[in-house]
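Based on the hints, put chain D with the ligand in the right spot on chain V.
Single-letter residue listing:
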Amino acid sequence: MTEYETVVGLEVHCELSTTTKLFCGCRNAFGDEPNTNICPVCLGLPGSLPVINRRAVELALRIGAALNCTARRSIFHRKNYFYPDMPKDYQISQYDEPINVDGWLELPDGSRVGIERAHMEEDTGKTTHVGGGGRIHEASYSLVDYNRAGVPLVEIVSRPDVRSAAQARAYVDELRSILVATGASDGRMEEGSLRVDANISVRPVVSAEFGTRCEVKNLNSLRSLERAVEYEVERQIALIESGGSVSQETRHWDEGDSSTHSMRSKEEANDYRYFPEPDLTPLVPDAALLAAAGEGVGAMPAERRHRLSSLLGAGSDLATRTDGSTDQVVTVVDLGLDELVHGAVAAGADPRLALARAANEAAANPDAARLLDPVAFAGLVKMESSGRLSATQSKEVLAELMANGGDPAQIAGRLGYEQMDTASLDAIVDGVIVANPLEWKRYREGDDKVAQFLLGQVMKSSKGRANGKLVAQAFASRREA
Amino acid sequence: MARLARLALDDDEVGRYAVQLSAILEHVDAVRRLDTADVPPTAHPFPVENVLRSDIERPSLDRDSVLSQAPVAESGRFRVPRIMGEAP
Ligand SMILES: [Zn+2]
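So the protein sequences, as listed, match chains V and D. Going by the numbering used here, the first sequence opens with residue 549, and the numbers climb by one from there. Going by the numbering used here, the second sequence opens with residue 169, and the numbers climb by one from there.
So that you can see chain V by itself, here it is in the shape it has in the complex (with noise of 0.2 Å):
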């Protein structure tokens, strides 16, 4: 049987984080009234003219330096299609002189894609269908929204390196990481904010040459590129095994029955009729463009793991990824909390325990979390090594020192989180005992798979005031006695 190579290529488009459009000064915000940020630049009226938003292009210029590549001067060109997303009847992109080429990304894995170009245009408005239950080819008619229409994107193209769909899904996990990390994108894919488009063949594995490929769009999250992939990927397979050949063309990703489908668009190419934009000057990356570019962006995703997973210690038993970084440290750099455990650990805190309390309960809330005092971050945490808090007690003093700021001690103190003393928590313990005999003596005959549940009555009956150190400890002495 023959095998085959998965061969994928991605483009994605990403919406830059500026205040305002890329040609107007109209809003760029998603979830605004339709059609309340629209002015004649947008909606291609005659006789209005784009003017280039500067920090779009510091933007985009910060892109392609986090994607290593180089920074060249660029124009724009029309690309003319009708469609009424876009009311100028041309979207203004950039061709075959984008602003980035030449670059390439590095997966937690150590493998590497190449990055083809990372180029401007405008974004298209947004279409909704009246009728046939919201699908384009059984709508009675549509209605337009054109807030969107001339938001800043850049498109980054990769080169066709991924092999597999967990690789695309990594590529993008990895290039959503940078592109929030740069400021440039909330890389909200649920939003819209990050679109994902993937080239997908297959190859017999002694082939050089690559197979036809289709492109499959509509992907809106990691989960349905991965599966939109593996997808292609059989079904392509099936159609070669059986004789047949894969026909290059465009297909939807349908969430609903799981598959692709062909989009039947007309057989003749698109023809674009691409020309320089005579209303637009060229792009040059001057030392002032790449200087603001470059300006207060920080340390990348990567690297961030990388020291951050080194406060566990060299090869750490809890890494579950490649590259030696857990899923906490993963979640932590994400959400830009890496900066809080760092304080945290140089004041004194456990890293294992900073990173939890980081990972799990600050990251609930992470605006309130980048907020927070690491030093105050890090009292906490020594309270709840030392046995002085109980898990469920920390976690609670930390909800309110996120909500109100404050020293974790007096929280805990207003709280009533008064460390149990002994003589209460022997009662417990002993209570505990007596009321599950058969428990305790599977306990006392060496069954530490009950112990979890001895310590559960003890939580209960203290209300989770006990600490689950000392509960432990008293029931050892106790077998022991």
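Among the hints, erroneous ones may be present.
Ranges between beta-carbon positions, derived for each pair [to be verified]:
id, chain 1, residue 1, chain 2, residue 2, range
1, D, Val-216, V, Ser-806, 47 to 57 Å
2, V, Gly-804, D, Glu-242, 19 to 29 Å
3, V, Asp-834, D, Glu-242, 42 to 52 Å
4, D, Asn-218, V, Asn-616, 21 to 31 Å
Which chain D residues stay away from chain V? Per the calculated CB distances, all over 12 Å, these [what the hints assert, rightly or not]:
id, residue
5, Leu-177
6, Asp-180
7, Ser-190
8, Ile-192
9, Asp-203
Since the hints were derived computationally from the structure, they do not count as laboratory data. In this text, a Cβ means the ideal position worked out from N, Cα and C, and glycines have one as well.
Just chain D with the ligand now, with coordinates in the frame of chain V:
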């Protein structure tokens, strides 16, 4: 070509524009005969670069007055006829 540009032309217009287009194409042909190997393509007629504006918000148009000039509007949006396919 009229179809590509979505223009509705009658027979008279087709005849008139065909003559004008031929003149344009002849001119293009004349340029093509020149040796332009050492001439960089003109992206912009003036030697200026990086004409940029600051990322500062400016007031947008009033939605009601814009939509009142559209053939049909509905729910704050432009209403357009049925679209025959996905965006290219
Ligand atoms: Zn505008």
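(request) Find the hints from earlier in the document that the structure breaks and name them by number, from lowest to highest. (result) Of the numbered hints given earlier, the structure breaks none, since each of them holds.
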